[in-house]
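Protein chains in written order, with the numbering used here: chain A, 306 to 355; chain B, 8 to 98; chain C, 1173 to 1828.
Any given hint could be a false lead.
Restricting the straight-line Cα-Cα distance to at most 27 Å, the calculated cross-link-like pairs of lysine-lysine (DSSO-like) are [as the list claims (entries may be wrong)]:
(1) C/1208 <-> C/1631
(2) B/54 <-> C/1599
(3) B/54 <-> C/1296
(4) C/1631 <-> C/1599
(5) C/1269 <-> C/1349
(6) C/1620 <-> C/1631
Quick look at which bits of chain B chain C covers, simulated, 3 or more residues with Cβ under 8 Å [as the list claims (entries may be wrong)]:
(7) 45-51
(8) 63-76
(9) 86-96
In short, the hints are calculated from the structure, not lab data.
This structure is a prediction, so every number in the text was calculated from the model and none was measured.
In this text, a Cβ means the ideal position worked out from N, Cα and C, and glycines have one as well.
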Amino acid sequence: MPNLPLSDWQFWIVTALALGALWILIRMFLPKKKPKGRRTTLTVSAKRRQ
Amino acid sequence: MVSASDPTQPQPVTIPLTQLQRGRKGRIALSDEASPDSAMLRAMGLKPQAEVRICRLGQPCIVAVKNQCGGGCRIGLDRSIADRVMVCPAD
Amino acid sequence: MNEAAKPELAGRIALLGNPNVGKTTLFNRLSGSRHKTSNFPGTTQEAVLGRITVDGVEHQLVDLPGIYALNLDSSESSVCRAVLNGNLAPEGEAPAKPDTLVVVADSTNLLRNLALVAEAARFKLPTVVVLNMVDLARRRGIHADESRLSEILGCPVVAMSAKSGENVDSLSGAIAKATPPTAAVGDSEADAERWADETYSAIAAPAPEDIDDDHDALTDRLDRAFTHPVLGIIAFAAIMTGLFWVIFSLAAYPMDWIDAIFANLGGWVEATLPEGAIRDLLANGVVAGIGGTVIFLPQICLLFLLISLLESTGYLARAAFVIDRVMRPFGLSGHSFVPLLSSHACALPGIMACRAIPDRRDRLATILVAPFMSCSARIPVYVLLVVILFPESPTMQAVAFAGCYVIGGLAGLLSALIARRSFLKGKSSGMALELPSYRAPDLVLSLKTSAERGWVFLKKAGTVILAISILLWWLGAYPNVGPAPESEALRTQAALVSDSEQIAALEAEADTLDQRYATQRSYLGRIGSTIQPVFAPLGYDRQLTIGVMASFAAREVFATTMAVQVAGTEEIEDEGVQNAIATAERDDGTPVFTTATSWSLLIYYILAMQCLPTLVVTAREAGGAKWAFLQLAWMCGTAYISAMIVYQTLRATGLG
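Bound-form chain A, shown alone (with noise of 0.2 Å):
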């Protein structure tokens, strides 16, 4: 890539931050990975009563 300062050991430092920070961001979106542990009998909306 023309101009990046490959040779710059800083920047490989803040690119590698940066990219961190993208992780961070993608990761919000993506579909939230549920536990598959306890299935609880917990109902809200049907008439299921304790």
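We have chain A already, so just place chains B and C on it with the hints.
Frame of chain A; chains B and C shown alone:
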């Protein structure tokens, strides 16, 4: 609409809350309505035989629920809801 | 985690009770500052976790949502049932039946509270009943025999006042002696009511008929005044105006300090670290990013403090009915009031406050339109633009500024109406709200609430804004370009001149040109040039396009972005810089901020969705990314079209 246990007694007159005048008292009557609203209202304090006093008519309708030994609570109702609450006027 | 509690916590104690009984006040007294707010997974209910020491051992304290009865269909009721059955626990905790149940009752409204006690007794958990607000009851002449209640129930009963602290110490002793209630409370709703009636008669001291008359008479008058169709609105408008006035004036002080602190921090970083990309990133990306978030904390905390104070007086419940009348035609209800009001500080906590809205479609509609309410971040942009539009007239500036809020509010209400008539069709049921007694505002509780909300804002908005700031910095810093072609000539000129003032002026101009050139050629600048044609119908050039895009990180960034592009510096407080922005030129020499463009920009910022943190929270609270996309598309769509209409009309009629 009160489920009278003694059929020889005359049925007490019940009217909607909104027809009671301001300052007057009444007792909530048991209603056949089983709407989701009515369970909530009952839980809030508007249960059968509860004594209520009209504090404000109109929109909103404000009633004070009175406990016989002092205390109670106050509930504000949208007029459409107050129309469906039946009371026996007390005097 | 497989155990029921963390290793160092001996057990779980749940707090149950009606709304407005002082459960939260009691919780705060017991747990102090050691508490954590999270979620009950799978629901929209907040879970508050704390600690309490009983017999020298620490237990976990869980504050359950306030409910009127355990058998209702509402979300709050279901959550309480599930927790008491051992099927639900706050996020991160293992579900298990509580080891002790503390039912908090209001001594001034015993009859209704006893029904909940009856329902709670059916769970046969070791129970303690708290008769709270005993000081209020005493003052009103209401007396209840707690030892008699304890006999009837078969478990400890403690009378106390959580607000004043009276007798709160005896609670932990009572918890240690908690046993499952032995009272025969039956199975049905009617059984619970009957038991409550009988028990109430047994424990409540008979009182004269007129016992409550004074209290009632005053409350009546206040209620009628506050809900009066005319007087109520006037009172409401006055209180709201006062609220906003206090927020704007008081918050200015801490905001200035924060500004100064972060400016100094940036300067310190610049002076201390060796030159290079890392120093630039820290000074201009990180410090600016964090500072840009923290600076809104005063307004947000102050707004929540005032709302909480108002709520604790009991006024807000009455105001809800007043505002309900206004909201109904738009398909919303009085429940939407506090969330929409909060959104004027920041939509993030406002949208989270929508959890309290009972009707699902109401809640969705409110979440979707909350960002239309003009938030604090828009203020710097509004101020910049109204000053450019009305440089000579502070009155017109104030009018335009207030107008921005009005337009935002109207746009929100109209959008809600459209939503409720189309994909969120359905009548919302009327409000039934308990009106708590009028009381003196609770400062301690309000301070705690305000701090809590502020912290949530910092964590959620902070991470996103920081991440975007870093990204934007990188896109604006690379690729490296040499000096601007014109600046070379200027520097050569400076070398030939001997007057030091002239040298300084030439050098400064050369620096500015270099900055502008660098920004133009950076990735950010190139993206701006590419996108600019999209905004051409709105009257924006490349520089404005970059400003608008950068605002997606944080709206307030618009001013600094313009400053950097135009004047090569971020010092927007400097009059010279403000002047430079106002008179900035496009690449073709014409002014950037023509009247038409300025109005177009103002409209755009009022209506557009430019806040990634808000989108994230919308997706979460509304239950799906599709709602966030809808919000984005609708708001940006209306913003774009409105701004375009304004710009083209002003141009066509020669007014801009």
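Verification of the hints:
no.	hint	in the structure
1	C/1208 <-> C/1631	holds (13 Å)
2	B/54 <-> C/1599	holds (26 Å)
3	B/54 <-> C/1296	holds (25 Å)
4	C/1631 <-> C/1599	violated (37 Å)
5	C/1269 <-> C/1349	holds (18 Å)
6	C/1620 <-> C/1631	holds (17 Å)
7	45-51	holds (count 6)
8	63-76	holds (count 10)
9	86-96	holds (count 3)
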